[in-house]
Amino acid sequence: MSNQSAAGVELLTSTGAVKGLVRREAFLWLAIGLFANQALQLVDTQSLQAFADSLANQNYVVWLAFYAVIRRLYLSDGAARASRFDVVLVSTIGVAILLSSFLPYRVAIGLLATAMAGYLLINHDGDRNLKAAGAVLLALSGQLVWGPMLFQFFTPELLRADAAIVGTPLTSLRPDIVWTGTSFLGADGHAIALIGACSSFNNVSTAVLTCVTIAMLTRTEWMRRDLATIAIACVAMVVINAVRIGLLAWSVSSYRFWHEGAGVHILGIGETLVVLLIAWQGAAAPRRVP
Amino acid sequence: MNKALVRGLCLLVLLASVVIRFQANQARLAMMADFDVGAAVTDVIRQHGYALRENPVKPPSLLAGVIYFQRPECQQASLVLPHFINEETQTLLTRVASPQATRRFYYLDGSWSYQARVAMFLEWARFSVLDIFGASHYIPVKTAIVLAEAPGCHPVTPIDWRPVWEKHRHRSAVTGGSGDGAMEAET
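Note that the protein sequences, when read in sequence, are chains A and B. For the first sequence, the positions run 1 to 290 when our numbering is used. For the second sequence, the positions run 291 to 477 when our numbering is used.
Calculated directly from the structure, the hints in this document are not laboratory data. Nothing false has been slipped in among the hints.
Computed footprint of chain A on chain B, listed as stretches where at least three residues anywhere in the stretch have a Cβ under 8 Å from a Cβ of chain A:
hint	region
1	299 to 307
2	314 to 321
3	407 to 414
The beta carbon of each residue, even a glycine, is placed where N, CA and C say it ideally should be.
Hey, can you work out the whole structure from these sequences and the hints?
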């Protein structure tokens with residue numbers, strides 16, 4: 001079967017069936033297909049109101065990463081012809097995207113994005129833009145599929161870790177708050193229990209994606225300090241989330257403000273700005289000492 | 291086949307995938323919106339003839355979702371806590387049930403004496419794939435339930451919780467039917 005497919009593709013290429021198809025265009029089609037399908041998973045299309053609400057609650061770093069991949073692919077060599085392997089890959093993933101659209105979950109698109117990222121990282125043929133696009137796509141698939149999958153299996157452990165980060169300083173500041181496992185109980189009866197959405201794991205995943213995206217938007221090569229930037233961004237996200245959980249456990253009024261009131265937007269915008277600032281600072285060219 | 295034809299083919303595949311996914315998403319979102327685990331659990335309890343007990347905790351507390359019911363053979367009320375399959379239930383359970391209470395987790399075709407998150411995820415994956423081909427008789431939502439019963443409570447008749455996720459029961463509930471057909475079909 002695979003021999004037949006390879007022979008078919010060879011025939012296509014040798015007879016000029018895909019004559020003129022350049023790598024850049026082939027990969028751009030694939031990336032647009034992946035992102036168009038992924039975008040549908042990120043927005044709520046049930047009603048106009050739901051659509052507007054879902055737009056307001058988007059993780060815009062993911063959209064920035066979409067843009068970064070498209071931009072890097074667009075800047076790649078526009079003269080390099082698509083090889084037979086490129087054609088096989090693009091055809092296979094294209095058909096897989098079509099078939100996966102029957103499955104309304106983002107897992108399938110994430111897996112296909114991982115496959116494309118792997119191909120770009122391994123088979124870039126010296127084109128740095130393709131390699132950079134592959135790096136962002138890999139970080140993107142980590143955020144969209146591998147991170148949530150890992151979180152699925154280790155939710156209680158990760159929540160206990162988050163609670164431990166908050167619990168020690170919180171109980172020293174407020175000895176009346178009783179910390180047990182993943183829950184905090186105040187003397188006034190106010191109690192909170194951490195669930196999946198409270199975890200800093202998603203923020204850490206977003207921090208990694210932001211740093212990779214910004215770095216690969218500004219240049220196509222990795223620098224040693226990129227690792228430090230990612231580490232700083234991750235720590236910042238964990239600290240902000242710990243402060244948030246502490247505020248939620250503090251009192252009923254604090255909980256209402258930071259969980260249901262304007263505090264939600266303040267924290268959301270604050271987190272985004274902090275991670276973007278760290279990423280931009282890390283991606284900027286290092287100053288040369290004269 | 292020239293370049294324009296290849297581009298046309300790519301565009302066609304792209305549009306087709308978007309249209310199909312849009313339809314599939316709409317169907318899934320509608321299914322998720324209609325699925326009310328509290329009502330489904332209540333239906334199953336009522337069909338077994340057990341009396342429901344009021345939950346003193348009100349929303350927005352997570353514990354407001356707990357459903358209490360009384361078995362005649364037990365002195366204390368039993369309870370059902372719906373939860374997402376990857377959610378930590380231990381913390382919540384300790385607040386509503388005694389540490390000695392017996393616990394059993396139910397999700398689709400499976401049941402476990404502990405919160406088997408991986409097994410539940412695999413159950414969800416299995417029925418999600420089957421659902422694509424219309425071969426799943428369950429709604430593949432990621433909501434499981436845990437039943438906690440007082441120590442010393444030995445039920446005469448075990449409850450079959452699978453109808454909670456059954457499409458048949460769900461359709462009957464949405465259209466105002468009794469859902470008895472689903473129970474008969476299952477048992």
